[in-house]
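**Q** Could you put the whole structure together from the sequences, leaning on the hints where they help?
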Amino acid sequence: MDAKVNRFVLMDTFVRIVEMGSFTEAAKLLNSSQPTVSRQLQSLENFIGLELISRSTHGMRITDAGRRYYEYAKTLISEMVQFENTMRGELIEPRGRLRVAVPHLFAPDWLMKVASRYFDVCPLVKLEWVTSEAPARFYEEAMDCVIRFGPPFDQTSEVRQVGELDRIVVASPEFIKRHPVNESDCTLGQMPWVALSDRNQHKLTLVNEMRERREVKIDPVFSADHVMVVKAAVCQSIGAALIPEWVVRNDLREGRLIRILPEWAGESIPINIIFSTEMRESVKLIKFVNVATSAIEEILTT
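The numbering of the sequence shown is full-length UniProt numbering, which starts it at 1 and goes up by one.
No lab work stands behind these hints, which were simulated from the structure alone.
Treat the hints with care, as some may be off.
As the list claims (entries may be wrong) - Each computed PhoX-like pair below joins lysine-lysine, with the alpha-carbon atoms no more than 20 angstroms apart:
1) Lys28 x Lys203
2) Lys287 x Lys126
3) Lys126 x Lys113
4) Lys217 x Lys203
To be verified - Distance ranges between label pairs, derived from CB positions:
5) Thr24 x Asn85: 27 to 33 angstroms
6) Gly59 x Glu174: 58 to 64 angstroms
7) Glu93 x Ser294: 18 to 24 angstroms
8) Gln236 x Glu212: 28 to 34 angstroms
9) Glu93 x Arg259: 46 to 52 angstroms
On a predicted model such as this, the values are computed, not experimentally measured, just so you know.
Note that beta-carbon positions come from the ideal geometry of N, C-alpha and C, so glycine has one too.
**A** What follows is the structure in structure tokens.
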């Protein structure tokens, strides 16, 4: 290895190649060129004396040695970032910008409660919300973290669960008068239903306290991509719906809606904060996760 070449730079380049899955994308992220990135990987492999990534006309594949080195390099880079944060004093007073992608279903009052509490503990950080349902693209979109409902699809990122949505089946009193509820799956499937527009909208999966499961096939008469529209449709007696309990809590208290099938509920949906491995030591992110966990727990239990 050339004495002028920084081994840490080569290590960082290797990590980016693995995480981006391509030399070209890694080069874009590093504001470099594909040949330069390729040469840097070759220099690192020559120095170590092992092939880390197997290259061919069909693509690239990380070797067993490459996987071991990747885990080591990730840890080393994370520790270096933590040390640099300490040196800059960010452990005492986090600053900068925190860019967070949130789903459209995330209620505005949730956002404001999390934001206001976060500013109490990190007054020098600028917070930016971006509404998006797209998969996390941390580097390309300069995103620090994303909040998502449901299990994460990206197994390479860090995940922190900050809450859980309980779901129940509800309908309006008028709807129940017109469509008396019979708990048989056949009768339930024939009822008019309202559903969120997703790949599972034609099936209800319900569980009871004994963790027994039942699946009911439905054909929704109305579907929407926002939970508040679904609630409005249920209040208008268009159909019954499986919906997060917090969305209809006040409607249940005030009698506008009634819970049906009280012994059964939908499977809970996890609320996760997802971020890149490089951010796991970021103090401003750690504080955000802690604040979000506390605020969301309070919202869901009161």
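**Q** Compare the structure with each hint and give your call.
**A** Outcome of the hint check:
no.: 1; hint: Lys28 x Lys203; in the structure: violated, 43 angstroms
no.: 2; hint: Lys287 x Lys126; in the structure: holds, 13 angstroms
no.: 3; hint: Lys126 x Lys113; in the structure: holds, 16 angstroms
no.: 4; hint: Lys217 x Lys203; in the structure: holds, 5 angstroms
no.: 5; hint: Thr24 x Asn85: 27 to 33 angstroms; in the structure: holds, 30 angstroms
no.: 6; hint: Gly59 x Glu174: 58 to 64 angstroms; in the structure: holds, 59 angstroms
no.: 7; hint: Glu93 x Ser294: 18 to 24 angstroms; in the structure: holds, 20 angstroms
no.: 8; hint: Gln236 x Glu212: 28 to 34 angstroms; in the structure: holds, 32 angstroms
no.: 9; hint: Glu93 x Arg259: 46 to 52 angstroms; in the structure: holds, 47 angstroms
Checked against the numbered hints listed earlier, the structure breaks hint 1 alone; every other hint is satisfied.
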